[in-house]
Amino acid sequence: MRIVIADPCPFARSGMREALRGEADIEVVAAPGTGGETVARILDADVDVAVVHTDMGDMDGFTVTRMVADRASVVLRSSGDPAVDAAEALRAGAHGVVSCTSGPRVVIDALRETHHRDIFLEPAVLRRLLGPDTVGTAPGAHRPSGVDVLTDREREVLLLVGQGLDNRDIAARLTVSEGTVKTHVNRAMTKLQLPSRARLVVFCYENALITPSIRIPKEGLSKKRQLMRQKKINPGMTTAAGSLG
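Here full-length UniProt numbering is used: the first residue of the sequence shown is 1, the next is one more, and so on.
Just so you know, nobody snuck in bad clues.
With a Cα cut of at most 25 Å, we get these calculated SDA-like pairs of lysine to any residue:
(1) Lys182 x Leu192
(2) Lys191 x Arg173
(3) Lys182 x Gly93
(4) Lys191 x Glu206
(5) Lys191 x Asp152
Please keep in mind that the hints were generated in silico from the structure rather than gathered at the bench. Computed from a prediction, not measured in an experiment: that's the story for all the values here.
Please construct the entire structure, taking both the sequences and the accompanying hints into account.
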């Protein structure tokens, strides 16, 4: 697996390199420090997965993701609230979201999961997104007309995809084969005219099929980060000793 580590902090980049050194199936091919350089390296090289910080200095990680998502899977490392960033990240085309304080094992798991274009949200993010009664249509909301074109099984699979389960977990939950799950996912994407699994997850949240336990704004996060950057707010970053930066 060929990966790019994109982070404005050189210590974070070196920390991630060191943490990944012992993983035989992972090769770091570039470690850019700006958004523009990240886009260039991904577009010019054969990259499987890119780990991208949400604030790359010259542009935010969501913009980077939109520019490269068709060339590589993207795991966004959130310096803010990853549960809030998750929705915008998935809309941008990312396949994974982790916190900047996450340990090496979480990031390694995210790399391997997203390498196959599955969605990865670390458990802490999912726990914040999914409250005890989050699955199903919210009170007072009507089921979106698009869902009516799905079969009962396709709707069932859609809800499980929205909760962040991969095909293997869904297959185990429904006692069917992974191939059957993949077929249902592909049919749901076709019927709903959605280009990716990530967009299926976003569809679930935006249409209240899964109700977040916290409020996730549909827009404005990038503008907020620009204001933070103007105020020179620089989130602290640590090395691989305790986290990946």
